[in-house]
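Colleague: Sequences are here, hints too, so could you generate the full structure?
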Amino acid sequence: MELLFAQIINGLALGSIYGLLILGFTLLLLVAGIFHFAYPHMVVFAIYIAWLTLNATAGNVALASLAAIGGSLGMAIAIEPIFRPLTKRAALIVSMVVSLGISVVFTDIMSRVLHRGVPIGFPLYFTGKAPIITVGLAVISRGQLLTVVGSIITVVIFLYLLYRTSTGRSLRAIAQNSFVAQLVGIPVVRTSRLSYLIAGLVGGLTAVFIAMFLGCSYGTLGDMLALKVICVALFAGMGNLVGGLICALILGVVETFVIGYLPGDWSNAIAFAMVMVVILWKPDGLFGSRV
Amino acid sequence: MAKNNVLKVEDISVSYGPVEALRHISLEVNEGEIVALIGANGAGKSTLLGAVLGINRVLSGTILFMGKDITQTPTDKIVASGICLIPEGRGILSLMTVLENLQLGAYHLKANINEYLERVYRRFPVLGERSKQVAGTLSGGEQQMLSIGRGLMSAPRLMMMDEPSLGLSPVLVSVLFKTIVALNKEGYTILLSEQNARKALECAHRGYVFETGNLVLFGDARELASNPRVRQSYLGGAAE
Chain A
29 MELLFAQIIN GLALGSIYGL LILGFTLLLL VAGIFHFAYP HMVVFAIYIA
79 WLTLNATAGN VALASLAAIG GSLGMAIAIE PIFRPLTKRA ALIVSMVVSL
129 GISVVFTDIM SRVLHRGVPI GFPLYFTGKA PIITVGLAVI SRGQLLTVVG
179 SIITVVIFLY LLYRTSTGRS LRAIAQNSFV AQLVGIPVVR TSRLSYLIAG
229 LVGGLTAVFI AMFLGCSYGT LGDMLALKVI CVALFAGMGN LVGGLICALI
279 LGVVETFVIG YLPGDWSNAI AFAMVMVVIL WKPDGLFGSR V
Chain B
6 MAKNNVLKVE DISVSYGPVE ALRHISLEVN EGEIVALIGA NGAGKSTLLG
56 AVLGINRVLS GTILFMGKDI TQTPTDKIVA SGICLIPEGR GILSLMTVLE
106 NLQLGAYHLK ANINEYLERV YRRFPVLGER SKQVAGTLSG GEQQMLSIGR
156 GLMSAPRLMM MDEPSLGLSP VLVSVLFKTI VALNKEGYTI LLSEQNARKA
206 LECAHRGYVF ETGNLVLFGD ARELASNPRV RQSYLGGAAE
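In order, the protein sequences belong to chains A and B.
For any residue, its number in the numbering used here is found by taking its place in the first sequence, counting from 1, and adding 28.
For any residue, its number in the numbering used here is found by taking its place in the second sequence, counting from 1, and adding 5.
Keep in mind the hints are simulated off the structure, nothing from the lab.
Just so it is clear, CB atoms sit at the ideal spot from N, CA and C, and this is done for glycine as well.
Any given hint might turn out to be false.
[To be verified] Going by beta-carbon spacing under 8 Å, a handful of chain B positions derived as facing chain A:
{"id": "1", "residue": "V84"}
{"id": "2", "residue": "L109"}
{"id": "3", "residue": "S159"}
Modeller: Following this line, the structure appears as structure tokens:
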């Protein structure tokens, strides 16, 4: 029973990381009109930035976290010009191919150059792996708790921005119909650039949470997370933000149970098997596509 | 009476790639007028409205709004300066609420949106009743009201309407044209693109007739309505 409880917490922490990734990915998909496969890769790269900063500053956690967020923002700003012409032409598939290319570059750098391709580990004072709540055999660490709470706060702020402010209203208008957004006088190009900034900011926070939760990173982590993000997106319905958040949590919990109770790591196979079943049954995903 | 020019289009041409959609068009809209653009599908009426709003790029010629050259001005600046377009098919953001659609109409207004909102609700009470409802659940006629209401929210000095009667029942078409006349009586200047030539010329002061990208006729709406060529092509042939 206690173990089950711990598994659920663990699953929710994993799911909330998927949820944060879905947030940035979906925002870019709907507002900027790009299929940013490499978004998780850039988040993982930000983890490396945090790690490098941590080593360079002799263990300054705050500075390392800020560096991850800053680096993530910087990457988001840097890639915007690459996608700008594709956004104008509404070339979603081309943007996906370009982003695949970017992801290959990131994966290569992370699995060959950085730390000579050896997986990196974060020290305990960063991850907070030490148990803070112990119930029998079950252990909840500070890192897990921070990940869940931090993700919830991030999601709430994000949704508030999107649904309760006039800027958010403009972003949603562009997402729904950029022609009408233009008609009512929204500077569409300038406003949609904002989606990169928000995705970059959320990505940086995600990087910090992943570092705390997993305590490590490796070259192909970006690929793994990118597949999961697409999996969740298809499962929920492409471009469905709230549906994506729910499905991210579901996938996180299911995956943790699979790892916890089945021998061997079947989590990827089962995740995609779930997608296939859902798509056969509901081609638009569980909550309907919004693209 | 000195005519007060709101919109003055001078000799503009617009093309989509190799296709010339508009050739050397000149027209003007004066303050307090309803001006109707008449013509078949693909004659270039919508293209002209898009060009005025800066959505379609103009190859040559100039567009003046309130005496200011807006030919190369970006769309958001043009809208902010006081032109709104009520697009063909209404352009409702169907996943957003009625209120949010109206708020978006006032995107560039910095203050006091409530006053405009009240005015729209007074004109279209059904929008007030359904302000929290998702716009996609409105009926066709209500969506048309919302589209016009959203235009009014921008405090326009020129309202452009693209095929507003499309897809409405005959009863609703009559209601729509009554609304257009009422808006005009309150001082709104209206440029109307309409395939329903009879109705459009009934309510308009002046009209322009388009054929495949060319301006073929223009003048007083009443005179146009009795012009044999217009009767033949757009008013269903024989006289009543």
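Colleague: Look at each hint and say if it fits the structure.
Modeller: Hint-by-hint comparison with the structure:
| no. | hint | verdict |
| --- | --- | --- |
| 1 | V84 | holds (3 Å) |
| 2 | L109 | holds (5 Å) |
| 3 | S159 | holds (7 Å) |
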